[in-house]
Every structure is written in C-alpha cells, then in structure tokens.
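Chains G and Y, in that order, are what the protein sequence lines are.
Numbers in the working numbering are just positions in the first sequence, counted from 1, shifted up by 6.
Numbers in the working numbering are just positions in the second sequence, counted from 1, shifted up by 106.
For the record, the hints were derived by calculation from the structure and aren't laboratory data.
Any given hint could turn out to be false.
[Unchecked claim] Below, computed lysine to aspartate or glutamate pairings styled on DMTMM-like, alpha-carbon distance capped at 25 Å:
no.	chain 1	residue 1	chain 2	residue 2
1	Y	Lys276	Y	Glu255
2	G	Lys146	Y	Glu255
3	Y	Lys246	G	Glu175
4	Y	Lys169	G	Glu69
5	Y	Lys362	G	Asp183
6	Y	Lys298	Y	Glu209
7	G	Lys174	Y	Glu348
8	Y	Lys356	G	Asp158
9	Y	Lys362	G	Asp26
10	G	Lys70	Y	Glu348
11	G	Lys22	G	Asp158
12	G	Lys174	Y	Glu244
13	Y	Lys248	G	Glu175
14	Y	Lys273	Y	Glu255
15	Y	Lys298	Y	Glu255
16	G	Lys25	G	Asp66
17	Y	Lys246	G	Asp129
18	G	Lys165	G	Glu213
19	Y	Lys263	Y	Glu309
20	Y	Lys362	G	Glu213
21	G	Lys192	G	Asp178
22	Y	Lys362	G	Asp178
23	G	Lys215	G	Asp129
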Amino acid sequence: MKQRLERDVIAMRAAKELKDGDCVNLGFGLPTLCALYVPEGVRFQTEAGLLGYGRLVLADEVEKADWHYIDASGRFCTPGEGMAIFDVVTSFIMIRSGRLISIMGGFQVSEKGDLANWNTGGDALGGTIGGAMDLAVGGKRVIITMDHTTKDGGYRIVKKCSYPLTAKESVDLIITDLAVIEVTRKGLVLKEVAPGWTPKEIQELTEPKLIIAPDVKEVEL
Amino acid sequence: MINKIFNSFDEAVADIPDGAVIAAECWGYPATAHNLIAAIRRKGIKNLTIITHCFIPQVFSDKYAMTPATLLPQIKKLITPIVGIMRLGAGDFVRPYVEQGLEVEIMGHGTLAARLYAGAAGLGGIYDPVGVGTLVEEGKEKRTINGKEYIFQEPLKPDYALLSGFKADKLGNLVYRGNYRSDQPIMAMAAKTTIAEVEQVVEVGDIDPEHVITPGIFIDRIVEIKPTDLGTKDKGQAIIQEITQVDSVKELLFGKKE
Numbered sequence: 007m008k009q010r011l012e013r014d015v016i017a018m019r020a021a022k023e024l025k026d027g028d029c030v031n032l033g034f035g036l037p038t039l040c041a042l043y044v045p046e047g048v049r050f051q052t053e054a055g056l057l058g059y060g061r062l063v064l065a066d067e068v069e070k071a072d073w074h075y076i077d078a079s080g081r082f083c084t085p086g087e088g089m090a091i092f093d094v095v096t097s098f099i100m101i102r103s104g105r106l107i108s109i110m111g112g113f114q115v116s117e118k119g120d121l122a123n124w125n126t127g128g129d130a131l132g133g134t135i136g137g138a139m140d141l142a143v144g145g146k147r148v149i150i151t152m153d154h155t156t157k158d159g160g161y162r163i164v165k166k167c168s169y170p171l172t173a174k175e176s177v178d179l180i181i182t183d184l185a186v187i188e189v190t191r192k193g194l195v196l197k198e199v200a201p202g203w204t205p206k207e208i209q210e211l212t213e214p215k216l217i218i219a220p221d222v223k224e225v226e227l
Numbered sequence: 107m108i109n110k111i112f113n114s115f116d117e118a119v120a121d122i123p124d125g126a127v128i129a130a131e132c133w134g135y136p137a138t139a140h141n142l143i144a145a146i147r148r149k150g151i152k153n154l155t156i157i158t159h160c161f162i163p164q165v166f167s168d169k170y171a172m173t174p175a176t177l178l179p180q181i182k183k184l185i186t187p188i189v190g191i192m193r194l195g196a197g198d199f200v201r202p203y204v205e206q207g208l209e210v211e212i213m214g215h216g217t218l219a220a221r222l223y224a225g226a227a228g229l230g231g232i233y234d235p236v237g238v239g240t241l242v243e244e245g246k247e248k249r250t251i252n253g254k255e256y257i258f259q260e261p262l263k264p265d266y267a268l269l270s271g272f273k274a275d276k277l278g279n280l281v282y283r284g285n286y287r288s289d290q291p292i293m294a295m296a297a298k299t300t301i302a303e304v305e306q307v308v309e310v311g312d313i314d315p316e317h318v319i320t321p322g323i324f325i326d327r328i329v330e331i332k333p334t335d336l337g338t339k340d341k342g343q344a345i346i347q348e349i350t351q352v353d354s355v356k357e358l359l360f361g362k363k364e
C-alpha cells in the first residue's frame, strides 16, 4: 500500500495557506493541528468571542485551565497578547463580512464546492451546526481538510453530496491525505499530489472528473 | 433608585409562567446561568421555549452545574444551533422528547445572533444567506435579492433572558469575563425581562463607564452568586478535576506538546 499523508502533514500543508496578518477560525478536529504550524502574525478567532487567543493549555498543566478562555473547538486556551473579546453579533460580522479565513473538516465536498461537514444522520438531530454554516458562507477563503476517501474506500469528493449540506458552492480549496484540489468555476483542479501518487490514481479515488493542472506537482510544505 | 437586587434565584424567577420564551446562554459549562436554570427547574414550569447557543447533555455533576438541557422535560420548543455533542450521538438524546411533541428548530449560530438582533431592534425579520440549500431552509420563505438566494428568518423576542455575568453595579451595568460574553449581550437586549446572576455586585460608580458591556437599562434583576451556589470558580475547578480523570475527554480539552 502506498503511503498517504499523515494528519500533521495535512495540517502543515493547510497552514501554508496562511500568512502574517491573516485571521483564521480553525474548526474541530484536524484543522486545530494547523495552529502548531502557522507563520508568525496569524491570529486565531473563536465564534464565542475571542480574536488573538494564545497557546492552548497543555494536559500536564490542568491548573492553568480557565473556563473564561475556550477556543473554537471547546479547548482551554490562554489569553494571547493583543487579544480582543467581543459578543456574537460582532463575532459573526467578522465571519460573514469576509474578514476571516476558515479551515474546517469535511465529510464530503462536491464538484461545485458544496460542503457537507455537520451531519451524518440525515435529519436535524443528526449533527451540530454551531458556526459552520456561517463560516462556510462568509469565509474570506474556505479551506477543507479531510481524508480523500471514506474508511472503506468510498468517495468523499463527490458529484453531489449525500449528507445534509452545510453550504452550497462555498469551498475554495480541498486538502486531503492524497491531494490538493482547488474548486474553480470550470471544476475541480488537481494542483498537488502526495509523494508517490499519480494524477490518474487520484482521479480513480475521486468521483467527479478532475482537471489536471498543467503544473501539477508533489505536495509542497 | 429602583432596587434590581434579588436575594434569591427563586424570587428572581418567581413570575415566569408556563409557556414562557426564555433565552439562556450556554457554551458547554461556561457562560451559563446555572443557578437561575436550577431555579426554573425547581419551579417546574412547563411548555417553555428555550433559545440557547448550545444544548448539550448535562455531562457534569448536578452538584456543580445546571445547563439548559436539564430543563428538557419542561420544554415545548427548542431553538438552537447546537443539539448534542457529535461524538455522543449528536441530538439522539432529545429524540424521545421529540416523539412526545418537542419541537426543535435549528440554524447557524450567526443566524441565531442576527435573529436576536432583529428581535431587539424591532425588525420584522431578516433575509439570511446562511442555511440556503440546507435543512435550515425547510418550511421557510425564500427570496432572491439581486440574484442571490436568502431565507426569511423571524425575529426572536424572548420573554426572559437568563445571564451569567462577572460584575454588576446596582443599576445593572454589566461586565462579563472572557468568552462568557458571547450571546449574552444580545439576549439581554432582545428579552422583555433580563435576569443576571453575577459573581460580584458593586456600588454605582465602581465600574468604569468605558468598561460597561451591557448598560443597566437592559438588566432588570440581579442576583449575586454565593460561595455555596453553582457556577463559582471553585466549582468550575472541581469540574475540570473531575472531567480530566477521563483520558479521552482530557485529549479533547487540552493542547498537545509539539
């Protein structure tokens, strides 16, 4: 079996999309790992009302945990230098006005950039929305990190999402354990492949037809 | 000066009737008016509509916390962006109540904030791009404005809001701490009557006017939290000690070394 990218490597690749001065909301799961790899000057937002929170409290310093400072994934964080605190009206104006980059996990992304990442159960009680819909619709850029296929090898990058949608036509970039794919008006453009994988092999694991970028290359970190 | 200070949580909620619409912030354990929720529970009023940021099962001991989900048997309708915890079966814990008639209305968190703003500001509702093409639009009017689709969302005007503040002066000028602020200022402004439990009540003039987050005009009743009540710093620490005994939970709440 050929090697797929480790979770940390996916996070590193996603972090490469950020630069000094960017403000980013990191969703639950894999995206939170990006925090370890972002360049200096990137600031983190949580929709519950913090911008510029500091490092997370580590498991061996439980005594430092303070319920007043919780990150976007519900973990204890520290107040960062220059942090701002605000209410949800301000918070969602930040999100909806296109000032924040959003990095989230995904269950499925369609060829048009439709995103399904909140619900696998099919009805209103099958998942939790939180800020995901706002972040998908309003994000300055919406970057999805996820496994390229399901555990049993099924497609996650699909013609049409079968899970309930988070938002229509909202994803800009998909970073998986096999590839980096940009969502464009013409379709999905394969930009980078994991070391040792060919565009043809990626296509076989992707339901919609991929446009192979003329300069397609190995994933760069 | 009108006295807004109440001596007990039970007195502060005494007039809330059956069928009331109550906004109560909850962000996991934090930002929750634990004592006022406990008082509503003791009072046993029924057919409530609960508007909250986060409706998750009470995973903490009743000794330390009382989240909106503890009111489940008293609720007729739930309006929230978060029902349950994904890894714990999401909204499955409310299904038995849905079968008995509980209505659940879901939407994005920003939509909840905007609907509360609409309620507070007297708007007739909002046209919202968030939720288009999702389960949120079911049963709602849709409209295309300048080529873009929107969902009509009605304003939310709670009868009561239950807040958890840090410090209030006797006029009700209110300060929060950290992300306890969250949904609470807009809930305070949208509700007809707002009740706040706070860590500390101070004299008028003791809060720097530049630091007031919710002006006292929006706060009707204040109860000071005593050391024996819920929601104290000590009880918050006790919960941290309790939940960090479970490694899988600890992994979710804390960062990892590089």
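Under the criterion that the straight-line Cα-Cα distance not exceed 25 Å, is the pair G:Lys146, Y:Glu255 satisfied? holds, 19 Å
Within a Cα-Cα threshold of 25 Å, do Y:Lys263 and Y:Glu309 meet the stated pairing? violated, 31 Å
Regarding the pair G:Lys70 and Y:Glu348, is the alpha-carbon distance no greater than 25 Å? holds, 15 Å
Restraint check for Y:Lys276 with Y:Glu255, where alpha carbons must lie at most 25 Å apart: This hinted pair is violated, its Cα atoms lying about 47 Å apart.
Restraint status (C-alpha distance of Y:Lys298 to Y:Glu209 at most 25 Å): Holds, at about 23 Å.
Hint consistency between G:Lys22 and G:Asp158 [alpha-carbon to alpha-carbon, up to 25 Å]: At roughly 30 Å apart (the allowed maximum being 25 Å), G:Asp158 and G:Lys22 break the hint.
Y:Lys169 and G:Glu69: Cα distance at most 25 Å? Cα-Cα ~20 Å, so holds.
Take a quick look at whether Y:Lys246 and G:Glu175 sit within 25 Å of each other, Cα to Cα. Holds - the C-alpha atoms of G:Glu175 and Y:Lys246 are around 21 Å apart, at most 25 Å.
Tell me if the straight-line CA distance from Y:Lys362 to G:Asp183 falls inside 25 Å. Roughly 21 Å between the alpha carbons, so the hint for Y:Lys362 and G:Asp183 holds.
For a C-alpha distance cap of 25 Å, please report whether Y:Lys356 and G:Asp158 respect it. violated, 29 Å
Are the Cα atoms of Y:Lys273 and Y:Glu255 separated by 25 Å or less? Outside the cut-off at roughly 43 Å; violated.
Tell me if the straight-line CA distance from Y:Lys298 to Y:Glu255 falls inside 25 Å. violated, 32 Å
Hint check: violations occur at hints 1, 7, 8, 11, 14, 15, 16, 19, 20, 22, 23; the rest are consistent with the structure.
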